[in-house]
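Protein chains in written order, with my numbering: chain G, 436 to 832; chain V, 436 to 832.
Read the hints as simulated data drawn from the structure, not as lab findings. In this text, all values refer to a predicted model and were calculated from it rather than measured experimentally. Any given hint might turn out to be false.
You can't tell identical chains apart in this list, so a pair holds if it fits in one copy or across any two.
The list that follows gives simulated cross-link-like pairs (lysine to aspartate or glutamate, EDC-like), each with its CA atoms no further than 20 Å apart [stated by the list, open to error]:
#: 1; residue 1: K498; residue 2: D654
#: 2; residue 1: K569; residue 2: E455
#: 3; residue 1: K758; residue 2: E517
#: 4; residue 1: K520; residue 2: D542
#: 5; residue 1: K550; residue 2: D563
#: 6; residue 1: K550; residue 2: E581
#: 7; residue 1: K780; residue 2: E517
#: 8; residue 1: K550; residue 2: D654
#: 9; residue 1: K498; residue 2: D751
#: 10; residue 1: K674; residue 2: E445
#: 11; residue 1: K816; residue 2: E521
#: 12; residue 1: K780; residue 2: E722
#: 13; residue 1: K511; residue 2: E832
#: 14; residue 1: K760; residue 2: E517
#: 15; residue 1: K750; residue 2: E802
There are 2 protein chains.
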Amino acid sequence: MQMKLTPKSEIDVRISRLQEKLRELTLDGTLILLNSDMFYFSGTVQTSYLYVPVSGDPVLMIKKSLQRGRNESPLKNIVSLESPKEIPAILSTFGYVRFNKIGLELDVLPVNLYKRYQKIFHNSQFLDISPVIKDIRAIKSPYEIELLRDALSVIDQAHRAVPTFLREGMLEIELAALFEAEMRKRGYSGCCKMRAFNQDLFLGNTCTGNSASTPSFFDGPVGGTGVSVTHPHGAGWKKVCRNEVVYIDYTCVVHGYTGDQTRIFCIGELNQQMEKAFDAALLIQSEIIKAIKPGTPAEEPYLMAVKLAEEMGYKDHFMGYMKDKVRFIGHGIGLELDEFPILAKGLKTPILPGMTFALEPKFVFSEGAIGIENSFVMTEKGPEYLSVTPNAITYIE
Amino acid sequence: MQMKLTPKSEIDVRISRLQEKLRELTLDGTLILLNSDMFYFSGTVQTSYLYVPVSGDPVLMIKKSLQRGRNESPLKNIVSLESPKEIPAILSTFGYVRFNKIGLELDVLPVNLYKRYQKIFHNSQFLDISPVIKDIRAIKSPYEIELLRDALSVIDQAHRAVPTFLREGMLEIELAALFEAEMRKRGYSGCCKMRAFNQDLFLGNTCTGNSASTPSFFDGPVGGTGVSVTHPHGAGWKKVCRNEVVYIDYTCVVHGYTGDQTRIFCIGELNQQMEKAFDAALLIQSEIIKAIKPGTPAEEPYLMAVKLAEEMGYKDHFMGYMKDKVRFIGHGIGLELDEFPILAKGLKTPILPGMTFALEPKFVFSEGAIGIENSFVMTEKGPEYLSVTPNAITYIE
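Please build the complete structure, drawing on both the sequences and the hints.
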């Protein structure tokens with residue numbers, strides 16, 4: 436693996452799609468501040484401020500590090516700045532002087548910083564540009580899909596390595612540490628990113644047996660005790676036992692792109708109820724894959740899955756235990772873990788070619804969580820697996 | 436190690452200190468939303484909304500998971516809610532009906548969520564409560580200091596383990612993965628937290644030789660290439676060589692509390708320039724420890740350090756390489772990595788007993804970064820080490 440710089444052709448297309456939306460919204464331009472959006476439109480992550488005008492070349496203003504930004508970004512206009520106060524003056528030297536209506540990422544920008552920009556652009560009206568950015572980012576280019584394949588290849592290697600270190604009596608947190616190290620040493624860049632406020636997530640979730648039914652704040656189907664009440668999710672201090680589910684659900688961020696998959700392991704054997712539930716999850720997955728096509732509304736896989744789960748008698752267990760359920764069956768993946776499309780009830784936006792998503796039919800019982808999760812890309816012909824790991828429970832003696 | 440629930444006596448004191456400030460600011464109450472503040476004042480992290488009135492018992496309203504919140508929080512009033520829209524109605528059942536002026540964490544709350552609260556409390560004036568919370572949280576109780584000692588004990592064990600796996604020719608990212616796993620398996624809870632916008636940080640920074648002088652966006656003295664341009668900081672794809680600095684600067688979050696320390700390793704030997712710089716860092720550390728007392732202004736350690744560094748001829752290398760310097764020499768540590776006090780130029784607030792902080796005199800040269808970082812608590816008698824690892828370079832054959 437090595438560092439990959441984003442090609443200029445990629446950045447050019449992204450900027451041009453953004454400018455088209457700026458025209459539709461009659462904006463004069465937009466500031467881009469969030470690291471993940473900054474990377475997407477500039478090819479670099481610095482302490483910096485990117486202005487994309489409705490037409491003309493963007494201007495990347497960098498506080499730290501100018502040198503690194505210039506090495507990494509294919510943008511033409513990259514200049515130094517000391518404080519965001521200088522932004523209007525810098526932009527005027529590029530001929531950008533009209534700021535009646537400008538975009539800001541209002542879903543993530545903290546209020547105090549927003550107030551600062553209200554002072555800097557004191558006559559401007561601000562509009563939330565994030566929905567536009569999320570729509571643009573939802574459709575991945577072939578270049579981005581290749582980066583995602585690298586992420587899924589790394590997590591595949593980690594999942595395949597589990598039998599070499601999973602042992603009865605080890606702590607959940609020890610198992611998690613070893614699994615995470617398998618991904619990390621192969622290039623997991625750290626910091627799985629979510630756009631939603633307060634959705635603290637470490638790299639993923641290892642839990643075993645009944646700890647999976649410990650509820651959690653996290654907006655996902657499976658809880659886990661965590662090692663501390665400050666981080667109450669995922670691996671905890673429980674020992675791994677024989678004949679129970681070992682649930683390993685992780686993200687894998689490589690080149691910034693987030694793969695996501697879940698596999699089930701067991702030392703010994705699982706009871707029939709759990710094996711049956713695993714088969715039910717596979718069935719839901721395969722029925723959804725058969726059914727969805729370009730244009731399918733985002734809620735349809737969720738509605739199908741709920742119907743199938745209820746028909747099979749899993750109403751109280753599908754996507755969470757009893758009352759602590761989540762109302763989705765999948766989510767977009769890319770530079771963030773909570774991208775569009777969200778496969779949830781009430782969302783009718785179509786799933787389009789180029790969209791990448793994780794699909795995760797899962798059941799939670801008092802004795803453990805079981806199910807499957809894979810990453811996919813929608814193609815003209817339907818969904819295609821990005822995950823390469825076999826869809827099976829791995830049993831260990 | 437095991438999960439620790441926050442004693443009721445701790446929460447009571449915290450709430451009462453907050454209420455005292457609410458009275459001074461003539462607020463009717465404050466909403467607490469951010470996970471780290473939520474934990475501090477309630478003892479639990481759920482998808483929830485905590486209202487602390489200027490007087491009377493707080494009300495914790497939980498969406499997910501009510502059951503877990505009730506198990507973990509010693510607060511008296513813990514109720515279920517489906518949507519934040521219900522907050523005023525719920526609060527009125529507890530007799531809280533006056534919301535003329537209420538606090539919100541405006542340094543972290545995104546604009547779109549703020550707008551939602553403006554609708555929910557449509558006649559209220561909002562004030563940023565975060566400076567007050569940060570002041571309160573800056574002074575740690577003996578209970579909190581013990582939790583921090585656990586974090587420093589875990590990172591001590593990880594730093595001591597380095598000679599068992601540091602090998603010539605391994606990749607920086609492999610070394611990072613193994614070091615991180617040492618902390619993780621002993622209870623590092625994941626998600627080192629920073630309050631500042633966009634300060635993505637994984638667990639810390641491993642870099643070797645000249646990769647340490649690769650500049651970065653990160654608000655710290657040492658860069659590193661990272662494994663990807665999306666996460667351009669810390670360990671990368673460089674191989675570890677003989678006779679170069681191996682710089683291992685990590686946070687360690689245990690029970691939610693963040694220890695922070697840096698140690699230097701070397702396979703073979705370092706040249707005289709690097710050894711001299713390490714001694715200079717130790718000298719700066721010891722001079723600061725001798726000089727500071729309860730009441731010392733926060734900027735003083737930084738000013739002292741700059742003066743000493745310049746006298747010793749390290750002007751271009753102190754706290755960053757050439758132009759990419761940072762302007763501080765330490766920072767508060769606790770539930771977040773960027774707490775008060777910030778030991779930076781211009782900050783005259785006194786360092787008080789109970790404040791916990793990391794002190795990190797470091798130098799960056801083109802061939803590597805070197806220095807020391809330890810965690811401390813200010814006591815009535817002066818600063819006391821929380822770090823327990825010897826202050827020395829570890830040489831490996």
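Quick rundown of the hints versus the structure:
Taking the shortest alpha-carbon separations for K498 and D654, only the inter-copy value of 11 Å comes in at or below 20 Å, while the best intra-copy value is 35 Å. Only within a single protomer do K569 and E455 lie at most 20 Å apart by alpha-carbon distance; the minimum there is 14 Å, versus 43 Å between protomers. Within a single copy, K758 and E517 get their C-alpha atoms only as close as 51 Å, which misses the 20 Å cut-off; across copies the closest is 12 Å, which meets it. Taking the shortest Cα distances, K520 and D542 sit within 20 Å of each other only across copies (18 Å), while inside one copy they are farther apart (22 Å).
In this assembly of identical chains, K550 and D563 lie within 20 Å of each other by CA distance both inside one copy and across copies; the values are 14 Å within and 12 Å between. Proximity of K550 and E581 under a CA criterion of 20 Å is satisfied in neither setting, with 40 Å inside one chain copy and 39 Å between copies. Taking the closest pair of Cα atoms, K780 and E517 come within 20 Å of each other only across two copies (17 Å); inside a single copy the shortest separation is 46 Å, beyond that limit. Taking the shortest Cα distances, K550 and D654 never come within 20 Å of each other, neither inside one copy (30 Å) nor across copies (22 Å).
Only between protomers do K498 and D751 lie at most 20 Å apart by alpha-carbon distance; the minimum there is 18 Å, versus 52 Å within a single protomer. In this assembly of identical chains, K674 and E445 lie within 20 Å of each other by CA distance neither inside one copy nor across copies; the values are 47 Å within and 30 Å between. Proximity of K816 and E521 under a CA criterion of 20 Å is satisfied in neither setting, with 50 Å inside one chain copy and 45 Å between copies. Proximity of K780 and E722 under a CA criterion of 20 Å is satisfied intra-copy only: 18 Å inside one chain copy versus 62 Å between copies.
In this assembly of identical chains, the alpha carbons of K511 and E832 never lie at most 20 Å apart, being 59 Å within a copy and 48 Å across copies at closest. Proximity of K760 and E517 under a CA criterion of 20 Å is satisfied inter-copy only: 13 Å between copies versus 47 Å inside one chain copy. Taking the shortest alpha-carbon separations for K750 and E802, only the intra-copy value of 16 Å comes in at or below 20 Å, while the best inter-copy value is 61 Å.
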